[in-house]
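Peer 1: One-letter residues, chain by chain:
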Amino acid sequence: MIRIANGQGFWGDWLEAPVRLVEQGPIDYLALDYLAEVTMSILQKQKLADPVLGYARDFPPLIGRIAGKLRERNIKVIANAGGVNPGACARAVLKAAPGLRVAVVTGDDVYPRLDSFAASGYQMRDMDSGEPLASIRSRILSANAYIGAFPLAEALATGANVVIAGRSTDTALALAPMVHRFGWKWDEWDKLAAGTIAGHIIECGAQATGGNCQVDWQSIPDMSEIGYPIVEAEPDGSFVVTRHSSSGGRVNRDTVKEQLLYELGDPKNYITPDCVADFTSVHLEDMAADRVRVSGIRGAPRPPTLKLSIAYEYGWKATGTLVYTRPQAIEKARAADRIVRARLGRLGLKFERIHTEILGLNACHGPAAGETADPPEVQLRIGVRGQDRKAVDRFTRELIPLVLSGPPGATGFGEGKPPVREIVAYWSALIPRDEIQTRVEVIE
Amino acid sequence: MKFPLSRIAHTRSGDKGDTANIGVIALEEKHYPILVREVTAERVKRHFGEFVLGEVERFELPNLGALNFLLHGALDGGGTVSLRVDAQGKTLGAALLGLEIEADASELEN
Chain Y
1 MIRIANGQGF WGDWLEAPVR LVEQGPIDYL ALDYLAEVTM SILQKQKLAD
51 PVLGYARDFP PLIGRIAGKL RERNIKVIAN AGGVNPGACA RAVLKAAPGL
101 RVAVVTGDDV YPRLDSFAAS GYQMRDMDSG EPLASIRSRI LSANAYIGAF
151 PLAEALATGA NVVIAGRSTD TALALAPMVH RFGWKWDEWD KLAAGTIAGH
201 IIECGAQATG GNCQVDWQSI PDMSEIGYPI VEAEPDGSFV VTRHSSSGGR
251 VNRDTVKEQL LYELGDPKNY ITPDCVADFT SVHLEDMAAD RVRVSGIRGA
301 PRPPTLKLSI AYEYGWKATG TLVYTRPQAI EKARAADRIV RARLGRLGLK
351 FERIHTEILG LNACHGPAAG ETADPPEVQL RIGVRGQDRK AVDRFTRELI
401 PLVLSGPPGA TGFGEGKPPV REIVAYWSAL IPRDEIQTRV EVIE
Chain R
1 MKFPLSRIAH TRSGDKGDTA NIGVIALEEK HYPILVREVT AERVKRHFGE
51 FVLGEVERFE LPNLGALNFL LHGALDGGGT VSLRVDAQGK TLGAALLGLE
101 IEADASELEN
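Protein sequences appear in the order of chains Y and R. So that you can map any letter, position 318 of the first sequence is 318 in this note's numbering, and since no number is skipped, the others follow by simple counting. So that you can map any letter, position 30 of the second sequence is 30 in this note's numbering, and since no number is skipped, the others follow by simple counting.
So here's chain Y without its partners, still in its complex pose:
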């Protein structure tokens, strides 16, 4: 049996979680997931500005903090912290923790190869919209293929203390140690699907251990010290989900079920570079307090293609707010919205969208919110987006004047006009998997 923990569900997750995991009890592998779909484009921009950046900058100082425990307990770290610059990430790790052995997995970055793909005849189309790549070609910031667990397992086989990848799938981080330690073959679909689903359960950190859980949430023990999830994996593909006993949180079938359903599409066809996992085959059993056994998982052959994650410049947006109070808070907010829209219209400004919502009324739940009679206060939130940065910038000047020139009692205008933000959007396509050749390099 091997213990695989996840200490980071996204870049920006609780900094202390991985430290607690290596201190509070036994684990063999620490997986850290830093990448969301748009993270790669942010990192690409940082690398363009400075060639030694472009990776998750939280990662090297974390390894510096826990290097002693990693050595003492022989814990291996697997992280997709490399972003668009895994080599620079590895060098920063070695600077923060001298003497460690770091393996770097590359080959996912296909940004320099996009035009050669097009020249060799691949008609890449967005998986959602069906639009051809040409429609966004000049605005592309980054392009990476999702890579699976096998290159990461190869990196673990070098004996490295830390494995750094770029755009690996989140689930591969947990599956890789199982492939490495149990010697699972590339076509053992049921086992690979089991490891993939184990990865899905832990990839969002504490969302499997009581975080964001609706069932009896008020009674979940000490969420200030919530334990991040640990999978105790067996060579036959079954596993137990648990947490360190001295941590807070809760692991039971309710918390595991909620995470299984999180960001799920067709449950019979969960497609990864390693296999297609069937979530309708998952069997859960409460073994003891904070121990859920998972078994029975079935898988199907991996697809002949890999998914590309492409980020591109979409346009600009800004969102501003004002607060109105009783009496007639909602009526005042709606009147203010009409004034802003009328003024924008007379300026002749063009936007792809102007969006108004009223927090305290129905901003989150929309038509499902039901009726609310005269709440004591609401927040008016107006956002615009479009291609013309100047138009978006002009919009940011239109809310604050309402404090003096609109319905009575406007407040909560914050620190002045809202910032204009660039929108980097996401596009995905498929390419034949043999186009992607990964490499493993050890740096000491």
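Keep in mind that a hint or two might mislead.
Stated by the list, open to error - The calculated lysine-lysine pairs, modelled on BS3-like cross-linking and capped at a C-alpha distance of 30 Å, are: (1) R:LYS16 - Y:LYS47; (2) R:LYS45 - Y:LYS45; (3) R:LYS45 - Y:LYS417; (4) R:LYS45 - Y:LYS268.
None of these hints come from the bench; they were simulated from the model. All of these numbers come straight from a predicted model, not from anything done at the bench.
Using the hints provided, position chain R relative to the given structure of chain Y.
Peer 2: Below, chain R without anything else, positioned relative to chain Y:
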């Protein structure tokens, strides 16, 4: 009798681009058949009205006593494009808990 979905189920929601997903899970697995009968794709689409521009798809997970819904075009473009405060649909699961469903008392006790 009629009652809100929250009496027999819990939910979790998230996003994939402009599509929101909502997992609906029976608090007691014996109530799963009520979910299958009552919580249809059509009712979910009607519950969210103008919030969902595209179709609602439903998938069944009897092994977990759960249903999974995909709400296409529900996030104003989703991710970084969306201007919504809940651009990732994190609260849509909670919003569905207010859906009114119907079952006999005997069916609830079974």
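Peer 1: List in ascending order the numbers of the hints, as given earlier, that are violated by the structure.
Peer 2: Of the numbered hints, 2, 3 do not hold.
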